[in-house]
Amino acid sequence: MAAANYGDFLTTTFDNVVNWSRKFSLFQYPFVTACCGMEYMAAACSHYDIARFGAEIPRFSPRQSDVLWVVGTITHKMAPVLKTIYDQMAEPKWVIAFGACAASGGFYQNYSVLQGIDRLIPVDVYIAGCPPRPEAVLDGLMELQHRIQNDGPTVESGMLNPSMARHREQKLDHLSRYFEIPDKQLLENTQNPKSNRSTKPGYVYSDENVVVRPHMGYDSPADQRKKEALREES
Amino acid sequence: MTETTTVPESETPRALTALLQQQFPDTLIDFHNHRGDETVRVKREAIVSVCQFLRDDPRCKFELMIDLTAVDYFEQHREPRFEMVYHFKSLTHGHRLRVKTPVPEDDCRVDSIHELWEAVNWYERECWDMFGIEFTGHPNLTRLLMYEQFEGHPLRKDYPMDRQQPIIELREIDERNQYGRA
Amino acid sequence: MSMESALAEPQLSRLPLEAEEDTSIMAIEVGPAHPAMHGIVRFTTYVDGETIVDMVPEIGYLHRGFEKESENSKWIQVIPYTDRLNYVSPLLNNIGYSMAVEKLFGAEVPRRAEYTRVIMGEISRITDHLTCVGAAAMEVGAFTFFLWFIKAREYLWELIEQVSGARMTTNWTRFGGNATDLPDGFLDDLQERLDKVKDILDECDKLLSKNKIFIDRVKDVGTISKEDALSFGFSGPMLRACGVPFDVRRSDPHSVYDELDFEIPVGTVGDCFDRYLVRMEEMRQSISIIEQAADKMPYGPIMTDQRWVDYPDKKEVYGNIEGLIEHFKMVMEGHQPPKGEAYVAVEGGNGEVGFYVVSDGSGDPVRVRLRPPCFNYVQAMRHMTIGHYIADIVPIFGSINMIGGELDR
Numbered sequence: 001m002a003a004a005n006y007g008d009f010l011t012t013t014f015d016n017v018v019n020w021s022r023k024f025s026l027f028q029y030p031f032v033t034a035c036c037g038m039e040y041m042a043a044a045c046s047h048y049d050i051a052r053f054g055a056e057i058p059r060f061s062p063r064q065s066d067v068l069w070v071v072g073t074i075t076h077k078m079a080p081v082l083k084t085i086y087d088q089m090a091e092p093k094w095v096i097a098f099g100a101c102a103a104s105g106g107f108y109q110n111y112s113v114l115q116g117i118d119r120l121i122p123v124d125v126y127i128a129g130c131p132p133r134p135e136a137v138l139d140g141l142m143e144l145q146h147r148i149q150n151d152g153p154t155v156e157s158g159m160l161n162p163s164m165a166r167h168r169e170q171k172l173d174h175l176s177r178y179f180e181i182p183d184k185q186l187l188e189n190t191q192n193p194k195s196n197r198s199t200k201p202g203y204v205y206s207d208e209n210v211v212v213r214p215h216m217g218y219d220s221p222a223d224q225r226k227k228e229a230l231r232e233e234s
Numbered sequence: 235m236t237e238t239t240t241v242p243e244s245e246t247p248r249a250l251t252a253l254l255q256q257q258f259p260d261t262l263i264d265f266h267n268h269r270g271d272e273t274v275r276v277k278r279e280a281i282v283s284v285c286q287f288l289r290d291d292p293r294c295k296f297e298l299m300i301d302l303t304a305v306d307y308f309e310q311h312r313e314p315r316f317e318m319v320y321h322f323k324s325l326t327h328g329h330r331l332r333v334k335t336p337v338p339e340d341d342c343r344v345d346s347i348h349e350l351w352e353a354v355n356w357y358e359r360e361c362w363d364m365f366g367i368e369f370t371g372h373p374n375l376t377r378l379l380m381y382e383q384f385e386g387h388p389l390r391k392d393y394p395m396d397r398q399q400p401i402i403e404l405r406e407i408d409e410r411n412q413y414g415r416a
Numbered sequence: 417m418s419m420e421s422a423l424a425e426p427q428l429s430r431l432p433l434e435a436e437e438d439t440s441i442m443a444i445e446v447g448p449a450h451p452a453m454h455g456i457v458r459f460t461t462y463v464d465g466e467t468i469v470d471m472v473p474e475i476g477y478l479h480r481g482f483e484k485e486s487e488n489s490k491w492i493q494v495i496p497y498t499d500r501l502n503y504v505s506p507l508l509n510n511i512g513y514s515m516a517v518e519k520l521f522g523a524e525v526p527r528r529a530e531y532t533r534v535i536m537g538e539i540s541r542i543t544d545h546l547t548c549v550g551a552a553a554m555e556v557g558a559f560t561f562f563l564w565f566i567k568a569r570e571y572l573w574e575l576i577e578q579v580s581g582a583r584m585t586t587n588w589t590r591f592g593g594n595a596t597d598l599p600d601g602f603l604d605d606l607q608e609r610l611d612k613v614k615d616i617l618d619e620c621d622k623l624l625s626k627n628k629i630f631i632d633r634v635k636d637v638g639t640i641s642k643e644d645a646l647s648f649g650f651s652g653p654m655l656r657a658c659g660v661p662f663d664v665r666r667s668d669p670h671s672v673y674d675e676l677d678f679e680i681p682v683g684t685v686g687d688c689f690d691r692y693l694v695r696m697e698e699m700r701q702s703i704s705i706i707e708q709a710a711d712k713m714p715y716g717p718i719m720t721d722q723r724w725v726d727y728p729d730k731k732e733v734y735g736n737i738e739g740l741i742e743h744f745k746m747v748m749e750g751h752q753p754p755k756g757e758a759y760v761a762v763e764g765g766n767g768e769v770g771f772y773v774v775s776d777g778s779g780d781p782v783r784v785r786l787r788p789p790c791f792n793y794v795q796a797m798r799h800m801t802i803g804h805y806i807a808d809i810v811p812i813f814g815s816i817n818m819i820g821g822e823l824d825r
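Chains as they are written, first to last, in this note's numbering: chain G, 1 to 234; chain V, 235 to 416; chain A, 417 to 825.
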C-alpha cells in the first residue's frame, strides 16, 4: 500500500476498498482429501463458524472461487488433479495449505506422498497442525485476510503479488533463524539405521532419485505442446 | 520378553485342520494355532480347490472372504520369498481360518480365486500392485492403488521407501535443496 | 433399462471402444475432486440418458503408504499412523492395532483399561455415524441435519480431548493398556453430553425418518441382496441392513463386550434407507453401551505390569539402573513381540476392521496389514448403481461411508 506521490491517493483508497471487499467475501474451494477435512468441517459448522469471517459457502467450482484450501494429504496420483484445479481458478487467487501433510508431506515421507504442495503451486498461508485446531484454521484465515488487505500488487515488488514474493523471504528468514544446525548433522538419519529410506548418511538430494514420468494428460493442449518442445530441446 | 520363541509346530490339529488334512492329504504343508488363530499352509497348486472346499462344504461354510494379502520375507532370507495369506470367516459356524501359501520369487504366480467370492477381485489387484504377484485367470490385473505410470512394486522390501516417481513436473524450491531433503 | 443382476457382464463388452461407436452411451466422470466430502474416489460412469449402464470406480488417490511406513517404524510408532486410517473413528483403529500386538505378546489388559477402551471406542463409533449420516443427508439436501450432527460431534470430541489430549488423532492406546486414565469428573460430564446427543438424535430423527422427500430419495436405491453382500465381503452396518445379524462384538467378542448388553439392529431390504435406519439405531445402542460401561467401571491400573510390553514406571527409570536400561532398550530397539503372527478384528464404524501383524522377534515389524471394510463396499458400487440414475450415486455413495484413509491406506 505505497503511495508513491500525492497523485496515487485515490487509487490507494480504491485499492483499500477493493481489498476490503475481497477479504470479507472469500469464496472457498475446499480441496478436501483426508483427515484434515474433519477439522475443516468443524471449523465451517456452527461451533467454530467460519461464516462470520465472510468465508461462508464452499463453491465447488474452481471457476467461481478465490481461495483454494488444500486440506489433507496430496499424493502423486492426485497432484495433476490439484494442478488442474489450481490452473482453472481465475486471478486473483490465493492458496492455503491446511495441515501438516499439505504443508510439507506431514509424517509420510514415502513413495506416494507429495512432500508439500508448494512443490507444485505457490502457497500463501500454511496452517500447521495434524489436524490443526479450528482456532488455528481461523487464525490462518485471518492472516490471509490481512495479506489480502495489505498486499496489493505494487511497483516495488515488480508488480508481483508481494505476498508471493514475501513468501519466499519469510521462509528463508524462518529457516535461517530456527535451523542453526551444522549441515553435516542434518544429512544423517540417526533414527533407524536399518531403515531403507534414502536419507541415509551422505545422501544428497539430486534428481537421480526422482524419476519424472510423462504427464497424465491433465495439461491443456498448449501446455502439453510446451512440455514436448522442452523435452525435445533437452 | 526379549527371547524369541518360535511358533510351536507340534500341536494337535483342531477340527478344521483335521478335516483339511483328511480331504487334501498331500497338499497341507504345515499348520499351527499360534495365539488361538487356526492357520494352515497349503501348496500353491491346490489353493483353488482348497478354497472351493472351504466355501461349499457344509462343515466349513466360509461365506466371507475377509482378507487376502501377501508378506515379503526378503529380510528374513526365507525361501520361498513371498507368502500369500487368506483369512476366512464363517457366519453359520462362527469359526475363522487363515490359509497361507508360499510363492517363490522367480515364479511369482498363484491361481486366482476370483470366481469363488466377488470380493477377491480388488484384493488380488491390490496384491499385484503392491507385491507383483501375478494371479493367473484374473480378469483385470491392473494397478489399483498406484497410478499406471508407476514402475515397481512398492511393498516389496527392496523397493526403497523414498523413491518417488512424480507424474507432473514439480517446482524448484531452493531452500529444500540447501538442507538436503526431498 | 432394467437392473442388471449381480455377476452378469455389462452390456458393452469392451467399454471405452464401444462407447465411442454406440452414440447413445455417454461417459461421465464423477471425478476425484468432487463435493461429496468423503474422500477422493473417481467413478467413470457410462450412462444411457440418465440411467447408469456401467461404472468403473478408481481409487488410490489417498494412498499414503501406511503399510510401508509401519515396516520402517517401530511397533509403537505405528499407532499415530493408525489414527489416520479411519479418521472419523480413530480410537477404534488404535484399539484394534494395540489388541493385535497384545495378542502377539500374549499380554493381558487390566479391566479398567478394557472398560475405558469400550467407552472411548463407542464414543468414536457414535462420531463415525454422526459424520457419515450427517454428510450423506447434506448431500441429499438436508443441510440442517449436518449442522446439528456436527454440533453433537463437537460435544463428543471435547470429551475425547479431555481424555487423550486431541480431538481427532488421539494416539491413545498402548500395548497392554492406555496412555492416560479418565480425568476426574469425566463420567458426569459424559452423562450430560450423552443426554444432549440423545436429544439431538431424537430431534433429527423426527426430521428425516418419516420425511417423504427423503424416503423417496433413498428407498429402494442401492439395494443389494444378502447373497451378493456376502460374496462381496460386506460386514458392519452394510451387511446388517441386508438382514444378516453379524457383529464382531457378538461373534468374536473382544474386550469386555460379552459382559455388556446391547442389541444389534438389522434391516430387511438392504437399501440406503435401511442403512440410514441401522446407523441411527446403532448410535442409540452405543449410548446405552457407554452408560452401562460407565456404571460398571472398576478401579485399578490402566497398564499391564508385564515387563517388556510397556515402559517401566518413571520411579524405576530414574531410580535404579535396571529400569533405566529397560527403558533405554525398549525405546532404542523397540518393543519386541515374540515371533509369530496374529489377526484381530474389531467392529469399526464401517464394519470389520482387521489388523494382521507379523513379527520376527526383532523390534521392527515384518508386516502390518489393515483389512479395510470400505474396500469391499466401493468394489460393490458398480453392482449397486447399475440400473439407477446418476442422481442416485450420491445417496448410495453417502450410505457406504467410504473413508479415504481406510480405503487407500
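Where hints are given, some of them may not hold.
[What the hints assert, rightly or not] Only pairs whose alpha carbons sit at most 27 Å apart, straight line, appear in this in silico DSS-like list of lysine-lysine: (1) LYS730(A) x LYS745(A); (2) LYS642(A) x LYS295(V); (3) LYS490(A) x LYS334(V); (4) LYS277(V) x LYS614(A); (5) LYS391(V) x LYS642(A); (6) LYS334(V) x LYS730(A); (7) LYS391(V) x LYS490(A); (8) LYS490(A) x LYS712(A); (9) LYS83(G) x LYS93(G); (10) LYS730(A) x LYS391(V).
If you are wondering where the hints come from, they were derived from the structure by calculation, not from laboratory data. Computed from a predicted structure; not experimentally measured.
Hint consistency between LYS642(A) and LYS295(V) [alpha-carbon to alpha-carbon, up to 27 Å]: Roughly 15 Å separates the two Cα atoms, so the pair holds.
Given hint LYS730(A) paired with LYS334(V) - CA-CA distance at most 27 Å: Outside the cut-off at roughly 43 Å; violated.
Restraint status (C-alpha distance of LYS730(A) to LYS391(V) at most 27 Å): 37 Å, violated
Pair hint outcome, LYS391(V) versus LYS490(A) [Cα-Cα no greater than 27 Å]: Distance of about 16 Å is within 27 Å: holds.
Pair hint outcome, LYS730(A) versus LYS745(A) [Cα-Cα no greater than 27 Å]: Roughly 15 Å separates the two Cα atoms, so the pair holds.
Hinted pair LYS490(A) and LYS712(A), Cα distance within 27 Å: 35 Å, violated
27 Å Cα cutoff - pair LYS391(V), LYS642(A): Outside the cut-off at roughly 40 Å; violated.
Given hint LYS334(V) paired with LYS490(A) - CA-CA distance at most 27 Å: Since the Cα atoms of LYS490(A) and LYS334(V) sit roughly 25 Å apart, the hinted pair holds (cutoff 27 Å).
Straight-line alpha-carbon gap LYS83(G) to LYS93(G), limit 27 Å: 14 Å, holds
27 Å Cα cutoff - pair LYS277(V), LYS614(A): 54 Å, violated
Hints 4, 5, 6, 8 and 10 from the earlier list are contradicted by this structure; the remaining hints agree with it.
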